[in-house]
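Chains A and B, in that order, are what the protein sequence lines are.
Just so you know, the working numbering puts 88 at position 88 of the first sequence, and the rest follows in order with no gaps.
Just so you know, the working numbering puts 289 at position 289 of the second sequence, and the rest follows in order with no gaps.
Among these hints, one or two may not hold up.
Claimed, not checked - Restraint ranges, calculated between C-beta atoms of paired labels, are given here:
id	chain 1	residue 1	chain 2	residue 2	range
1	A	248	B	230	43 to 51 Å
2	B	92	A	344	20 to 28 Å
3	B	246	A	247	35 to 43 Å
4	A	369	B	89	38 to 46 Å
5	A	217	B	40	38 to 46 Å
6	B	212	A	177	55 to 63 Å
7	A	344	B	404	36 to 44 Å
8	A	100	B	350	45 to 53 Å
9	A	38	B	251	53 to 61 Å
10	A	365	B	246	31 to 39 Å
11	B	212	A	388	25 to 33 Å
12	B	251	A	78	52 to 60 Å
13	A	234	B	40	33 to 41 Å
FYI, nobody ran anything at the bench for these hints, they're computed from the structure.
Since this is a predicted model, take the numbers as computed values, not measurements.
Note that the Cβ used here is the ideal one computed from N, Cα and C, for glycine as well.
2 protein chains.
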Amino acid sequence: MTLTSPGPTLGVVGGGQLGRMLAEAAAPLGVEVVVSDPTPDAPAAPVARDQVVGDFDDPETVRELAERADYLTFEIELADPDLLERVAAETDTPVHPDPETLRIIEDKLVQKRRLAEAGVPVPEFREVNSADELRAALEDLGYPAMLKARKGGYDGRGNVPVESPADVEDAFAEIVDAAQGGTPADPAGVAMVEEMVAFERELAVMGCLGSAVHGEGVPERDTFPVTETIHEEEILRETVSPPRADAAVRERARNVALDVLDVMEGRGVYGIELFETTDGEILLNEIAPRPHNSGHWTIEGCHTSQFEQHVRAVTRRPLGTTDRRAPTVSANILGDVEERQAATLSGEDEVFEAPRAHLHWYGKREVYRLRKMGHVTHVGRGDVDREELLADVRELRDGLTFGE
Amino acid sequence: MTLTSPGPTLGVVGGGQLGRMLAEAAAPLGVEVVVSDPTPDAPAAPVARDQVVGDFDDPETVRELAERADYLTFEIELADPDLLERVAAETDTPVHPDPETLRIIEDKLVQKRRLAEAGVPVPEFREVNSADELRAALEDLGYPAMLKARKGGYDGRGNVPVESPADVEDAFAEIVDAAQGGTPADPAGVAMVEEMVAFERELAVMGCLGSAVHGEGVPERDTFPVTETIHEEEILRETVSPPRADAAVRERARNVALDVLDVMEGRGVYGIELFETTDGEILLNEIAPRPHNSGHWTIEGCHTSQFEQHVRAVTRRPLGTTDRRAPTVSANILGDVEERQAATLSGEDEVFEAPRAHLHWYGKREVYRLRKMGHVTHVGRGDVDREELLADVRELRDGLTFGE
């Protein structure tokens, strides 16, 4: 390939923080980024070449994006696979990952079935199309269990725990309300239920699929080092890399991630979320066909970040090394206010003052409770203690507030 | 301070590669960048919020930039200090470094005098306002010597070596032609001459001046680790950090840089170019009041890059640590064509394929001989041999071409 100016343009459906960090990573490589997003002046806009304003599934928006781009990708699962496939064909613009992968992933039931068929270890699950089916399934799986909207859930939205038989009716009504598609009168296709996994910790692996055209030693399939993820209220709070899990568990996690990649189609990075069960087994939790919050630490923690890797993969460049540079932790900056309001963060000087701490601000105009507004990464030195590193980044994060 | 969305806007006079890398570094900090540059769609434009198109010294352009900015800086010495000072006062926009520093630096004779007065070791130099004065000066300094345009020179432009008395007339005519201001009929104020320093190697130090308002442990005056710079035809080709100089020399270089910083006014980073003489002494060569090519390696080689440091300093944030993460070398990608032409670079896949090599493409539309088009950084691991690292980055750089 060659590098030109202006370089190739990467069209990204979605202009949130992932689009922003993709644009930050694309610039040094000479790749220009145009994003599409319904919110004018979305987070990615100030660092991208341009933004097309329109809904993720609006045909005219996606078509305009494709016409301006040499390669298409998406940073949000709300992208419409049929539309992407049609526009890609009409405008002769390659889209990666393949929309077929988006189809598999966007429906959690289809995702789990495909992965189970491929031999990937997954929690026990059942399709449930009514409260009665849910009750029947739980006689088998046992209580508590996790009822999930098949489509449209993220950051814990669309997940409802079911503690006992008394919860079944309410939980099912709630999931029908939260899910994409389906109505109380006709809830078929809306939900699935999974056993509640007793886990020791959660892990995540950023997987990468590249292309086969490059030189010897350039992998087509690779993973970043396994990362520990810490959630609260089902929202990611911190990551720890390397994780506090033993080497055998990390190796198993990497192998499960590689098996997952065999089911995925198309180039790009994939966020693969895993459970380490209390008996040291690995079970797949969920997959995101895009850069993922659990990989933000790679910006400082690895030689190639997940964002650079995604840009490389989609634009058909060789994948970069996924080696870790140093032990690294990250902590999300979440909205800590009750009312939606203009975003003004205090306490960030302490982050700037801390050696080897890095602030990433997403540029969102408004903050609301638990909204992801930025993150702090903290890089350790050779002999660093991870517990200390994690305590440090939590202290820095806890010093930040959107309140008075 | 607080972080808001949109964040503070940094106005940068100049939208070349330095402006581009400033914008790349500003994004994660939530600082928006607007640049001014006479070339429409300058290198920084695709990654900055916006570009004001106009000359560096055009009052309307600089005024528009200031009106859109919360802080002003410059990435090019062609910025006009009087104009910056006036516009900053009129629009109440702080400009850093102080225009007074630009005044000192833009005239190499004034620069050398001020630094010599402050006790900074500099090569022997003389003001020369005619060919006769040049001849007289060289009877004292000896041949060969370096005749320099006092204003407007960079990357070797405006420097003319004088080998023998027979060269004096031609050399002086050439410098009058190359310099800003002055005419063959009235060449006063145009030139200075310096002894040709017998140096072992060239070194550079990126110095940083911050503000005094921050917490304990945050320096107001700091330097990045000393770097070795390798020039050919007076254009920087490679950097090596740490340099192949002994610890005592590196310490002397750092101390000279700290003394230089005492003469500078205003926040920001300063590129300080030094000679290590054959007897191990340090002499100041030149200063740039801005991020500098000799500090590009800090993007991957340090926890805080020179660009992030400049953004932090100018926007009154605490300075970051200047610790080096790993031995790091860089090599410039220069135009290797004879005719000015559209830029198409071949061979970059080998850079992408090399582990721990990083390509930085500046997005310039056209290439000409020796134009700076990008750079390659190569990061070593703990036990790496610097000679090997330098050989590797040269091989990667030499594999790149704008030719057929």
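Here is how each hint holds up against the structure:
no.	hint	in the structure
1	A:248 / B:230: 43 to 51 Å	holds, 47 Å
2	B:92 / A:344: 20 to 28 Å	holds, 22 Å
3	B:246 / A:247: 35 to 43 Å	holds, 41 Å
4	A:369 / B:89: 38 to 46 Å	holds, 44 Å
5	A:217 / B:40: 38 to 46 Å	holds, 41 Å
6	B:212 / A:177: 55 to 63 Å	holds, 56 Å
7	A:344 / B:404: 36 to 44 Å	violated, 55 Å
8	A:100 / B:350: 45 to 53 Å	violated, 33 Å
9	A:38 / B:251: 53 to 61 Å	holds, 57 Å
10	A:365 / B:246: 31 to 39 Å	violated, 54 Å
11	B:212 / A:388: 25 to 33 Å	holds, 30 Å
12	B:251 / A:78: 52 to 60 Å	holds, 57 Å
13	A:234 / B:40: 33 to 41 Å	violated, 48 Å
Checked against the numbered hints above, the structure breaks hints 7, 8, 10 and 13 and satisfies the rest.
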